[in-house]
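Sequences listed follow chains A and B, in order. Just so we're aligned, residue -16 is where the first sequence starts under the working numbering, counting upward by one. Just so we're aligned, residue 597 is where the second sequence starts under the working numbering, counting upward by one.
What the hints contain is simulated information worked out from the structure, not anything from laboratory work. Computed from a predicted structure; not experimentally measured. Do not rely on the hints blindly, as some may be mistaken.
[Unchecked claim] On the chain B side, residues computed to face chain A include the following (Cβ under 7 Å):
1) 978
2) 995
3) 1010
4) 1025
5) 1026
[Said to hold, decoys possible] No farther apart than 20 Å at their CA atoms in a straight line, the calculated lysine to any residue pairs in the SDA-like style are these:
6) A:471 with A:43
7) A:218 with B:1056
8) A:218 with B:1018
All C-beta atoms in this analysis are idealised placements derived from N, C-alpha and C, irrespective of residue type, glycine included.
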Amino acid sequence: MTGWPALPLLLVLLSLATALAVFLAGEARQRLRTTLNLAAALAKLGLVALLLRAVAAGETFQWRMPLLPGLDLVLKVDSLTLLFTTLSAVLWLLTTIYAIGYLERSPGRARFFGFFSLCVAATMGIATAGNLFTFFVFYELLTLATWPLVVHRGTQASFAGGRSYLCHTLFGSSLFLAGLVWLHALVGSQDFIAGGELGDVLSGNEAAQRGIFVLLLAGMGVKAALLPLHGWLPKAMVAPAPVSALLHAVAVVKAGAFGIVRLVYDVYGSERVQALGLGHWLAALAAATILYGSLMALRQADLKKRLAWSTVSQVSYIALGAAIAGPLATIGGLVHLVHQGLMKITLFFCAGLYAELLGSKRIDQLDGVGRVMPWTSLAFTVTALGMIGVPPMAGFVSKWYLGTGAVAAGQSWVVGVLVASTLLNAAYFLPVLGRIWFRPPPDAWPAPTRPGRWARAAMLLPALATALAALLAGLLAGLELSPLGWVKLIVAREYGG
Amino acid sequence: MAATELLPLWVLVPLLAAALAACLPARRAGQLALAVQLAALASWPLLAAAFADRGPLTVSLAGLAPPLAIRLYLDGIGLLLLGLVATVTTAASLHALATPGRAALRPAFWPAWLVLLAGLHTVVLSFDLFNMYVGLELLTLAAVALVASAGTVAALAAAMRYLLLAMLGSLAWLAGVAMIHAGTGSLDLELAGAALAPGGWVSVALALMLAGLLLKAAVFPLHGWLPLAHGAAPGAVSAVLSALVVKAALLLVWRVQLWLGPAGGADAAGPLLAALGGAAILWGSLSAYRQDRLKQVVAFSTVAQLGYLLLVLAMPSAVAWQGTTLHLLAHGLAKAAMFLAAANLVRRAGDPRLAALAGSDAAAPVSVFAFALAGVSLVGLPPSGGFLAKWLLLQGAWQAGAWWLVALLLAGSLLAAAYLFRTLAALLAHRDGAGQARAGLPVPRIAELAALALALGAIVLGFAAAPILDLAALPAGPGGAP
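Full structure from sequences and hints, please.
Structure below.
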């Protein structure tokens, strides 16, 4: 395996080739497109499984190509890469299946699936990026590839959502680019390295270290929907449900959060971030986002909007984990990257099912829906409880490590934030569950449709699969191959254990 | 008998072909033009190999030695420009052959096209001020004729305006050149530069020459004629004008600044020219955002993008020159692709207005894709040649501590994103009354592929920049590279 430095490249190219093939296959050839999509998603899973084994055994893979003098495109696979790649690869397969059912008869499917694959290619690039420059390249590619999906419906509202998305992300990437140019002007290209070493390279120039950190963080913060750069995420809710799933769980916000993790651990190093006094600020920002997002979620009458604000809140757990010193909080933040993805994608799958089958988009239209769509509602309930953090669900594991980590780092106020957030989560999820199960169904649903058997199954099964995965991730957290087990491995390597 | 000795052929062959084309029917003449361009494309690698061996090449015409001889000169940027000219004109003439419209069936179209090619080659290869004048004149007259070939009232009016302003520019250049010749007794860039001493008349002469060039290059605030002419010309002509013709005038701006500027005491002009470039970026982008016709958006984008090519004069470092060179190439490919794609979309819809182009992605997906790819490079988003160019320019600005340039570069790409995504949104919008037949004509495959190939070239430049910059990055001044 060590003789295969190009494996990270293969990870990216596989999705890229799928995108091209789907574009070339054209609109009419549905069977070919479906085959291509599923075959590529399965091949990717196989590749990821192969890499998981090799990396668990201590191998790393690296591929580099010079772009300009002193500037390389670097792709590498390490344990942190695989945390993100595995999540994306699994969810890509499921979202593809879901989207095939969801878009059964709508126009523009070649375009949709083409850009969908392109998004995943960009995500793979982000996960495997070996330095900040490479990260930036794929980060921008992700912005580009997502925009056609956000505006997929072609309506005024979707273009407004797309405009907001671009305004935020391109503004953020300007700041990112400024920070990157500053960094390169001072020290040249720096590969990501466990523990980070920028502080040593740039020692003495603390003002520059702080300035670069803030610029880069602003660039990542836009996609991670950190306050005050979160505005695009709720507006992007006009996109079709599989796109929401992609934005919230598979790719976009995750890319931002993953970037923050790389920035803190592999560029600066957690200790350096603390020493520069940046940890407190990041933690405060993340805590503010968590509380604000939850409060806003409480006020939404539209189910997808409520879920979107919930994402704003939940993704900041990852930033919070990165902001607090010490391995325990790191574990909490990183494992939430996976847990939040599994849970939130289930919720969006379910919201899409409700909207497609019954036309119920608002929360007050969900009365008694549990009797009509029991399986969907079961998946929704399980993951909503997980989001709240009911033990032994996945969300509880994240919160437990974050809380204990904060106490160990002497930042007990974080526990207060976690408790408040949990109460708020309960306040915006439990009434929904109450309506689903305990209210009588209405005489007529808003806009019921009857898609074909296969389309229904294609939408329901992924929801059940991710719900089950979220449940198991919590129940079996003690296993070595659970998300928690893998995160512990990362943290051990990150902290030089 | 190496590639060096064949340098004069780059000028002579297109001229002879133009004369021949005037005697042929339009279709044959077009094929002849294509053959000439393909030959240029095929012999470019030989030239590049010779350059890689020996560095900048100089050829004295008629076997005389300087100061009597007229010299042809090929430096790195000239070499790259010749490659760009060959690539873009080949794709554009394929496009014109595939969708001739009324324009390319006129008897004068292909001869004018070949004269334009000869003019481009002359400007790139000239090393003396009078030859440059001749090249500029060939270029201008052919370009005016090609704009007018569209035959519409708007095109004729734009061509007339273009002609008058370009003549004014030529006169200014010629007046400046005459003063230089009177003062130094030489027209050769090197000899004249060496003989120049800072003084009042030299400044006036250089100012006249630069003003003439800026008018021809449509640099803000002398850009008024460009959007009209480039917007009204036939698609393939717009592509060549925006990608190549205005660049030729800019190349001369650099030549004058590098060879005559230091001796003429015109260093102060550098920051001023860069400031004009900055104003062009802002004004051109804002204007592009406000257009309601597709080709006008693209034309105003040219006004903005040309501004980037002047910024280097305020931060003359190797990195900034590399960025400028790369920008020249990336913009040439991307803008030509964009004009060809725009022509396809307008042809398909039968209506030049943005509002009428809704649903283009279903009607002409390849052209929309080419347009979008070209847009990626123009905005400077990775991975593309435009991105690496922006990266290098940012590096140069940051190292020079020119913060206003850093802010300008970042703002410039945000503005470019604004007008291009607005345009893309219009192309992707749902079409009302999708059942109605379109008024426009079908677009031949080859016209779409020509646009796509150029757009892909702009993207691939984002990965192939290193060898290109290694080969020939910088326009050489008297002391070699700056």
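Hints, one by one, checked against the model:
1. 978: Holds: closest Cβ of chain A sits about 4 Å from residue 978 of chain B, inside 7 Å.
2. 995: holds, 6 Å
3. 1010: OK, holds: residue 1010 of chain B within 7 Å of chain A, min 6 Å.
4. 1025: holds, 6 Å
5. 1026: Hint holds; residue 1026 of chain B Cβ to chain A Cβ min 4 Å, cut 7 Å.
6. A:471 with A:43: It holds: about 17 Å lies between the C-alpha atoms, which stays within 20 Å.
7. A:218 with B:1056: Judged against 20 Å, a Cα distance of about 34 Å means the pair is violated.
8. A:218 with B:1018: holds, 18 Å
Checked against the numbered hints given earlier, this structure breaks only hint 7.
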